[in-house]
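Chemist: Protein chains in written order, with the numbering used here: chain E, 1 to 245; chain F, 1 to 290; chain X, 1 to 317.
Hints are not guaranteed to be accurate.
List of simulated lysine to any residue pairs, SDA-like, C-alpha gap at most 20 angstroms [claimed, not checked]:
id	chain 1	residue 1	chain 2	residue 2
1	F	K95	E	P96
2	F	K95	X	A290
3	E	K137	E	E149
4	E	K222	E	D61
5	F	K95	X	L284
Residues from chain X that face chain F, not an exhaustive set, calculated with beta carbons under 10 angstroms [as the list claims (entries may be wrong)]:
id	residue
6	S105
7	L108
8	Y112
9	I115
10	I123
11	P133
12	F236
13	L239
14	Q270
15	E273
To spell it out: a stretch of chain F is covered by chain X in this simulated footprint if at least three of its residues, at any positions, have a beta carbon under 8 angstroms from a beta carbon of chain X; those stretches are [claimed, not checked]:
id	segment
16	112-119
17	269-278
It should be emphasised that the hints constitute simulated quantities derived from the structure, not laboratory data.
Built from N, CA and C at the ideal position, the CB exists for glycine as well.
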Amino acid sequence: MPGSAAPLLEVASLSKAFGGLLAVDDLSFTIDSGEILGLLGPNGSGKTTTFGLVAGALRPDGGEIRFAGRPVTRWPASRRAALGIARTFQLVRVFPGLTALENVLVACLYGRRRVSSPARAGADAAALLERVGAAHKRNTPARDLTLGERRRLEIARALATHPRLLLLDEPVAGLTPTEVDAAVALFRGIRAEGVAIALVEHNVRAVRALCDRIVVLHAGRKIAQGTPEDVFAHAAVVEAYLGRR
Amino acid sequence: MTVLWQNVVFGALIGGLYGLAAVGLSLVFGVLNMLNVAHGELLMLGGYAAFWLFTLFGVDPFVSILPSAAALFLVGILLYRVLFERLVSAPGETKLRNSILIGFGVSLVLQALALIAWTADDRAVTTAAAGTVLPLGGAVVPVVRLGALVVAFLVLGGVHLFLRRARFGRAIRATADDPGAASLVGIPVGTVFAVAFGLGSALAGVAGALVSTTDAVSPAIGLSWTLKALIVVVLGGVGHIFGTFVAGVLLGVAESVSGFFLGNAYREVMGLVLFLIVLSVRPQGLFARE
Amino acid sequence: MRGAAPLGSLGVACGAAAAVLLPVVTANQALLSWAFLVLLYTALAQSWNLLGGFGGQVNLGHAAFFGLGALVTRMVWLGGAPVVLALAAGTGAATAAGVLIGAPSLRLRGPYFAIGTLAIAEILRITTGNVLPDVSSLPARDLAGYALTPRYYLAVFAAAVVTGGAWWLTRSRFGRGLAAVREDETAAEAIGVGAFRHKLGAFALSSGFAGMTGGIFAYYHVSFYPAFVFSPVWTFDPLVIVYLGGVGTVWGPLAGAVFFVVVQEALSLQVGEPHLLVFGLLFLVVVIAAPGGLVEALRAVRPGARAPAHMGSPPAA
Numbered sequence: 001m002p003g004s005a006a007p008l009l010e011v012a013s014l015s016k017a018f019g020g021l022l023a024v025d026d027l028s029f030t031i032d033s034g035e036i037l038g039l040l041g042p043n044g045s046g047k048t049t050t051f052g053l054v055a056g057a058l059r060p061d062g063g064e065i066r067f068a069g070r071p072v073t074r075w076p077a078s079r080r081a082a083l084g085i086a087r088t089f090q091l092v093r094v095f096p097g098l099t100a101l102e103n104v105l106v107a108c109l110y111g112r113r114r115v116s117s118p119a120r121a122g123a124d125a126a127a128l129l130e131r132v133g134a135a136h137k138r139n140t141p142a143r144d145l146t147l148g149e150r151r152r153l154e155i156a157r158a159l160a161t162h163p164r165l166l167l168l169d170e171p172v173a174g175l176t177p178t179e180v181d182a183a184v185a186l187f188r189g190i191r192a193e194g195v196a197i198a199l200v201e202h203n204v205r206a207v208r209a210l211c212d213r214i215v216v217l218h219a220g221r222k223i224a225q226g227t228p229e230d231v232f233a234h235a236a237v238v239e240a241y242l243g244r245r
Numbered sequence: 001m002t003v004l005w006q007n008v009v010f011g012a013l014i015g016g017l018y019g020l021a022a023v024g025l026s027l028v029f030g031v032l033n034m035l036n037v038a039h040g041e042l043l044m045l046g047g048y049a050a051f052w053l054f055t056l057f058g059v060d061p062f063v064s065i066l067p068s069a070a071a072l073f074l075v076g077i078l079l080y081r082v083l084f085e086r087l088v089s090a091p092g093e094t095k096l097r098n099s100i101l102i103g104f105g106v107s108l109v110l111q112a113l114a115l116i117a118w119t120a121d122d123r124a125v126t127t128a129a130a131g132t133v134l135p136l137g138g139a140v141v142p143v144v145r146l147g148a149l150v151v152a153f154l155v156l157g158g159v160h161l162f163l164r165r166a167r168f169g170r171a172i173r174a175t176a177d178d179p180g181a182a183s184l185v186g187i188p189v190g191t192v193f194a195v196a197f198g199l200g201s202a203l204a205g206v207a208g209a210l211v212s213t214t215d216a217v218s219p220a221i222g223l224s225w226t227l228k229a230l231i232v233v234v235l236g237g238v239g240h241i242f243g244t245f246v247a248g249v250l251l252g253v254a255e256s257v258s259g260f261f262l263g264n265a266y267r268e269v270m271g272l273v274l275f276l277i278v279l280s281v282r283p284q285g286l287f288a289r290e
Numbered sequence: 001m002r003g004a005a006p007l008g009s010l011g012v013a014c015g016a017a018a019a020v021l022l023p024v025v026t027a028n029q030a031l032l033s034w035a036f037l038v039l040l041y042t043a044l045a046q047s048w049n050l051l052g053g054f055g056g057q058v059n060l061g062h063a064a065f066f067g068l069g070a071l072v073t074r075m076v077w078l079g080g081a082p083v084v085l086a087l088a089a090g091t092g093a094a095t096a097a098g099v100l101i102g103a104p105s106l107r108l109r110g111p112y113f114a115i116g117t118l119a120i121a122e123i124l125r126i127t128t129g130n131v132l133p134d135v136s137s138l139p140a141r142d143l144a145g146y147a148l149t150p151r152y153y154l155a156v157f158a159a160a161v162v163t164g165g166a167w168w169l170t171r172s173r174f175g176r177g178l179a180a181v182r183e184d185e186t187a188a189e190a191i192g193v194g195a196f197r198h199k200l201g202a203f204a205l206s207s208g209f210a211g212m213t214g215g216i217f218a219y220y221h222v223s224f225y226p227a228f229v230f231s232p233v234w235t236f237d238p239l240v241i242v243y244l245g246g247v248g249t250v251w252g253p254l255a256g257a258v259f260f261v262v263v264q265e266a267l268s269l270q271v272g273e274p275h276l277l278v279f280g281l282l283f284l285v286v287v288i289a290a291p292g293g294l295v296e297a298l299r300a301v302r303p304g305a306r307a308p309a310h311m312g313s314p315p316a317a
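Same shape as in the complex, but just chain E (with noise of 0.2 angstroms):
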């Protein structure tokens, strides 16, 4: 069993300037396989950078990031992505000219499986599709998606990957109560098949029903980590960092 001891992802010392701002700032943190991992601190905090960063969209200044045993702190994003790692973005990235079925196809295709045959492929797209909940739009341009659709689509494109690592950013921000339930219950489900997920989230609600374990960024640094029960017992925490949209 290789690799079962050691965490999933092991982030260690990372820092990244932009200009002369730190935004993430010597931050180190672990993953493992099955976990979902709060991200929370106040816009600016560094929590998107550091999802750019683990994703490979972004290079560090310093420090280590290792996946599955393996250092991918110098690696493409396309590489990370074929060993694991998928996102989705603060501000939804389709493939605005494709399908919505072509959008989760060519994930299907690249990601870790790889999936040779367009026929298996197409059939694991639709599949995806169904599991979002936007089957019906399958053949609609994803530029003419609404915003909740657009996410959605996200969410199923990042699957497509086969993912170990899943990075949400902020993945039911403006959703309806019940869109939010739907999707704590989707996220649910994928944690349940053994995929670790790292979710950004200021919706307090989801955070509580859907994190094993929390981290609070302030400025880029780790201020304070721990259960949903004693981040949030923390009532300075609550405050000053939870930051209201």
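Start from chain E and add chains F and X according to the hints.
Modeler: Relative to chain E, chains F and X alone:
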């Protein structure tokens, strides 16, 4: 040695026109974030305006810069309102790419119209002063070319003052910095965009009239002038009028001197190579404003 | 996948059969020349489309690869090699140049890529004109045995292969990855698509096919100046054809090429080349109002058919 010096002098004189051509392109790019690749064709129209005013009415091209500028200003406004204005609200990348495509279409149309109206013949203006030269440290300076350089410099000085001092000029600069904020403080952004486009085209008109005094004008000259202007803008950066002018002069000298060493046939290659070097050092381009 | 697929395949089969049989049923050299030009332009436009339409990278230096292919093919062929070998050499040279030139220029973003590639093609054109200033003409022995039919069949082959390449891009993994890169590079990287590798692959394919087309042109044309095959028209004509026909579609370049050659022939006797005006105006109409071009216009006539994925969104809002 004298020949080299002569080359430097000639290069600088031609380069002034490169600079003038580039400032118009740069102004449109800086304010609207659009690349009008039909800029060279607008310059070609300015050249024809000067040629016909001279041929039909005997008007000196140095006088024709005024009607040429006015005509091209109107052409620019028209092009903007009919074709380019629709791009204003598009996101950056799309806006740039589509402005290139529309500009390309415009350049095809203008070239075709010029061919139909004026044939493919080379046209040149030979004024009374054409043969006159002044000595300069062993080299000779053709008076007409010197005049073109001086006029180019003066026109750019005027544009500089307009953008710095005039109320509308400030509005243009404010809009270039931040169209959203400019519109919030009551600047008529739509008009500013149209006028900036018209002004950029008018500068092409001036450059064209000046070009007609020293170089041939034909329907096909547009592409090479657009390329020259692009090279100069990349070398000089956006938003600095005199920086652009200096970059134009430098390009002229670089071409001329490399022509001296490598053979005249290679003068244009030098400019293109310089351009590629700058682009490869700064892939985002020097277009990016600081 | 589409309801009309069998009908479509039938159409393709008929078209291909007609193209192959044309020299058998007619000895009309003018007609054959005309068809040759359509096929040559189809191949060249399609080769541009592979990168520009399917990959979303507007390459304004396409003439460089057409020219390299033409020049190398011509030299190897006139040097005594069989024409097929010469064509392979020309195609290979253009592909290699595509990789060498594509790697640095694809690091440039948006307009800088377009202008940078244009600059490269111009450098090659001017340099070729300086190094090889003399017109290249067929020697008398080749001229005596000149026949259009083999040239025509090479053009059929080229058009078929490049169109096949485009068709492959619409359904292969590589093609779907390329589409993802065109739509959103960052998001494509995030699902495991190496953006640079895909763009470079498309660049190499595109320039290789352009070189092959150039080679056929060099085999066809009796005499031309070496600098001419590097002229910007070998970039701008295919670009116009692709947009008129339908950018990022499999059949757009063919539709565009037929239209282009027909209009050019019809107006060629007029003074002042009015076909340029027609193409310029139509190009503007397509870019502004009908980004799908001819192919989409034809498709609109057939109700229920799905619009193809084309490059970007229409500029108008």
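Chemist: Which of the numbered hints are not met once you compare them with the structure shown?
Modeler: Per hint list: zero violations.
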